[in-house]
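**Q** One letter stands for each residue in the lines below.
Protein chains: 2
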Amino acid sequence: MEAERTLQDEELTGLADLAAQLRVDSIRCSTRAGSGHPTSSLSAADLLAVLVARHLRYDWSYPGNRANDHLIFSKGHASPLLYSVFRATGAISEQELLDCYRQSGSRLQGHPTPVLPWVDVATGSLGQGLPVGVGIALAGQYLDRVPFHVWVLCGDSETAEGSIWEALDKAGHFGLRNLTAIVDVNRFGQRGPTELEWDLDTYRRRVEAFGCHPIVVDGHDLAAIDDAFGRAREATGPTVVLARTVKGKGVPEIENRPDWHGKALEPDQAERAVQALGGVRKIRVAGPRPAAAPPAPAPAEERPELPRYEKGAKVATRNAYGDALRALGVRRDVVVLDGEVADSTRSDKFGEAYPDRFFEMFIAEQQLIAAAVGLRVRGYRPFAATFAAFLSRAYDFIRMAGISRADIALAGSHAGVEIGPDGPSQMGLEDLAALRAVHGSTVLYPSDAVSCAALVAAMVDCTGVSYLRTTRGKYPVLYDNGDEFPIGGSKLVRDGTDVTLIGAGVTVHNCLAAAEELAREGIDARVIDLYSVKPVDRKRLLEAVRDTGGRLVVVEDHYPQGGLGSAVLEELAGLAEPVRITHLAVRGLPGSGTPTQQMDMAGIGPHAIVSAARALA
Amino acid sequence: MEAERTLQDEELTGLADLAAQLRVDSIRCSTRAGSGHPTSSLSAADLLAVLVARHLRYDWSYPGNRANDHLIFSKGHASPLLYSVFRATGAISEQELLDCYRQSGSRLQGHPTPVLPWVDVATGSLGQGLPVGVGIALAGQYLDRVPFHVWVLCGDSETAEGSIWEALDKAGHFGLRNLTAIVDVNRFGQRGPTELEWDLDTYRRRVEAFGCHPIVVDGHDLAAIDDAFGRAREATGPTVVLARTVKGKGVPEIENRPDWHGKALEPDQAERAVQALGGVRKIRVAGPRPAAAPPAPAPAEERPELPRYEKGAKVATRNAYGDALRALGVRRDVVVLDGEVADSTRSDKFGEAYPDRFFEMFIAEQQLIAAAVGLRVRGYRPFAATFAAFLSRAYDFIRMAGISRADIALAGSHAGVEIGPDGPSQMGLEDLAALRAVHGSTVLYPSDAVSCAALVAAMVDCTGVSYLRTTRGKYPVLYDNGDEFPIGGSKLVRDGTDVTLIGAGVTVHNCLAAAEELAREGIDARVIDLYSVKPVDRKRLLEAVRDTGGRLVVVEDHYPQGGLGSAVLEELAGLAEPVRITHLAVRGLPGSGTPTQQMDMAGIGPHAIVSAARALA
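Protein chains in written order, with the numbering used here: chain A, 116 to 732; chain B, 116 to 732.
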């Protein structure tokens, strides 16, 4: 090890040259684009030069090599530096760097996304790269048992995000010796000094208190950086390299200035800067190689056997979620994450059966989602659950997972006013709107245990963010074991010709009760279980419009905006024939009460549905 | 001061009696309700007994007294304890406590909300009470200059939330000597031991590293607690009382057991427990009184004079936001908060003019929103802004602000693909869906500078959460200075009879360009600026349906789910006459590009609108 730490003079010169090239290229590409963050790239150029040349074990020609280290730019705005690194390694050409950065249709976007094969996750919303890195490191240390290392470049500004401390806390808790955060402490944020500026000692004490090992270093001293990274790799726990740097380092005109953030140099400035940095170089760096690639996690051990339920028996869908998860556990790629509510979401059923693939993230929903994304980066199929209401805590992380096209499965329990006495803080009443709006998401809301279990099984192979909404209380099993519930499908639970009642989840039961009542009045109501809220079963909706004279009642245990009602309306918007939809949803602010009281008061119970149908039919 | 700290034996006995009553009442009300969190209440009963009897300066008969201390239960699930405190002070009756807790229609909900006059904000989503407390303390120390103290009872589990560390960091940064967090370290969460259990030393080091003064105490030693609170009140900076407690303390059957969370005792258990605690008491506590009430902040100093713009001049709405904010600064109750992007959102225009009412929260969006809520608790009218995309980071806080009915104004800049080259991580494309779904929210999206300034002025008196979406780029001023833009209104920017084009924000300009083009083809298109996305101008929409044969094109720079299109569809759902709506929205995942390229590629530019209108008309 000692040998690796001592650099010869010519090696230092080589690193300095590489760092100069990274600076020059960061300036060139951003000036060509007319936008970008050169100064935030320049501060970290020395760090990256040393990392890539001497510590990052990466096969640039084969990013899929499972023995590769991981490099994440949590400070995604330093994309000029990242792409300049890619150019230095030969991953991309100089021409692509200069011609394509921030251009329409290019993969070299303003902030990195996984359209680039060397990028694990989209960053650019600060404070997310490190939490995702924790998930990747968890996979490496606890599941893959592969000695790759996760290197995350963080900005100093983003340490103001609580998510950074959720991440360091979990890194310490799990003793992630394969994780190193590199904090580029250049002391300036977007509009001036950061909160802590160059107070490295406070950073050090915070990092230490959160269970990680801090290594303070001059971020422009190549030998010191090299030593720090060597120690980080060999450490017995998670490390944080706190690098004191200068923003805009290397270009006197813009160096260490609070007013130089997020803008490209003018062409003449750029020319002077490139000259001062010794001009354009054509260095090709070849850093350390990874070990031989280990195999990917084996997906199916045996065929999962889904739980079976007796028709008519009362079972909560959250229970079926837990049962189905446990059944899916025969797949070795399935991992489950909890936000310290596994006994409520019923994730604990998996945890009891497969404790080695169950990760307790405690009450840290942002880290819960980020860890799921990180585990997915390593090929696992993560399921993360908490109360539907508390997924809102991680909404930015879910949004970014959508941009990363990360295949993660989420479950939100205790949806809607149905939860009863706990009050509005515990009720998911905006989750359908929020989750539907995530790019590429799938949103599911089963009404019974059989359909719930089938949908959980479908989620394991879903692309992108999938979301399952479950119900607290117990309701009758409606379907036969073995019935199929394709994503994008629906169930006709009762035929009828006068009016169509559309529900999902708990409101399907209210619709069925209403249909019984309507039948007694001579009104023949059709009932649709629209368990797939996104995508929606267009065919079934069109049939209903045709067969029941365009008379629809949509009922949801959710606020009126953006949920099930909107899903139906959006699907039928362009229809030529007349459609009249009465939309029942939770319009007031609920308080406490029993589930039945709550639903009746919100106007989504059987009585309200009967009235609405009667008025239409 | 010393005198206050030394308790006589009879005082200690009195406090012990009060604590026993709080325990007994916590058990009685939750057992009567059949649900609730008695064990989490019992651990903190001694803390609350001492606080209420000897330190909390509160006029229970006049909760509106601006000299009152503030008491926030960040661990909102300990509502039995809070309501038992209210009973002990005489704020509520024993009968209400026992008969109404968690009942339908009752104000004593499962988790506290401000329907109770002694409750500042809704809690129950963990990790939020302390950040809000920071906002209240900011108001006290920097604006009110009133010597009230903010006491926040936190659970130990919730310290896993990053938001707690955002709060302590800001408490330290602003030196909030009027803030004390009391952490009830009972070492058990919902489903087992917390991450740190009784490792008080790690808590202490974390608190200290984040700039607050830790005071470690045995949470069942009444004299020690009294001493700790005395020192907290006199401290020169923010304090955190770290109280080692026992969950379920006082009831041997359930004491210190990992399996006793969130459930009521059975009636026979409760009876035994009450007996063991010495039976039912009728203690009425009278704690210290606040000083005389100072006046509320004066709202209007002079009448704000809104900025004026030249028709046709190109002005970004985010600039108009900043201009209008600065104009509103003549109102002394207006305060502005920034998430370290004030030069982008243009909040800095206010900050330059009124630095004493401008609060920089750095990149900590959760704390940004929580501080706004806290400032509102003290009567201010806060405006908080960041990129529209990054409000998603604080979605749970916004959700809870809606439940609190907190009148806070939010602005999200850089909305949609219009931002250009920065890429999808920076684009707000789900904000309309998310914000519309918040209870009681108002959602505004102006197309030009004049309407933007008028809407900002309207937001200052808005009830609940109001949200303004602004655009990065510059577009022509469409309206005359002095035009009116009521919330819930819209503007007919071009009349027409063949088809109606509905836009908001930047798409209004695209609709106008499309209408020009359509006119050349002989198609007479109406254009509506639907700047009020929630509530929506139903009358204008009905007119458009009637006048243009039910042919509508809705265009939005947002994902298709839950945004402007859904707002229109939801409003027209029940209509008997046929309506055909073509909905143009961002359906793919955008990358980089110029604003025009981005909008064209997303199919929301003029060309796509023309095609859609042509197909309908």
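Everything labelled a hint here was simulated from the structure, so no lab data went into it. One or more hints might be untrue.
The list treats identical chains as interchangeable, and a pair is accepted whether it falls inside one copy or across any two copies.
Listed next, the in silico DSS-like pairs over lysine-lysine satisfying Cα-Cα at most 27 Å (straight line) [unchecked claim]: (1) 378 to 589; (2) 397 to 589; (3) 654 to 397; (4) 426 to 397; (5) 429 to 589; (6) 378 to 429; (7) 397 to 378; (8) 429 to 397; (9) 378 to 654; (10) 589 to 426.
**Q** What label fits residue 378 with residue 589 when the C-alpha limit is 27 Å: within, between, both, or neither?
**A** Result: close only across copies, 18 Å inter versus 57 Å intra.
**Q** At most 27 Å between alpha carbons: which applies to residue 429 and residue 397, within, between, both or neither?
**A** neither (70 Å within a copy, 44 Å between copies)
**Q** Go through the copies and call it for residue 589 and residue 426: within, between, both or neither, with a Cα cutoff of 27 Å.
**A** Cα proximity of residue 589 and residue 426: one copy only (13 Å, versus 61 Å across).
**Q** Please work out whether the CA atoms of residue 397 and residue 589 approach to 27 Å or closer within one copy, between two copies, in both situations, or in neither?
**A** Result: close neither inside a copy nor across copies, 67 Å intra and 40 Å inter.
**Q** At most 27 Å between alpha carbons: which applies to residue 397 and residue 378, within, between, both or neither?
**A** within (25 Å within a copy, 68 Å between copies)
**Q** From the Cα coordinates, with 27 Å as the cut-off, is the pair residue 378 and residue 654 best called within, between, both, or neither?
**A** neither (50 Å within a copy, 45 Å between copies)
**Q** Which holds for residue 378 with residue 429 at a C-alpha limit of 27 Å: within a copy, between copies, both or neither?
**A** between (61 Å within a copy, 22 Å between copies)
**Q** With identical chains treated as interchangeable, where does the CA-CA distance between residue 654 and residue 397 reach 27 Å or less: within a copy, between copies, both, or neither?
**A** The answer is neither: 58 Å in one copy and 65 Å across copies each exceed 27 Å.
**Q** 27 Å Cα cut-off: does residue 429 pair with residue 589 within a copy, between copies, both or neither?
**A** The answer is within: 5 Å in one copy meets 27 Å, while 58 Å across copies does not.
**Q** When no copy is named, should residue 426 and residue 397 be tagged within, between, both, or neither for a Cα gap of at most 27 Å?
**A** neither (70 Å within a copy, 52 Å between copies)
In summary, the numbered hints that this structure violates are 2, 3, 4, 8 and 9.
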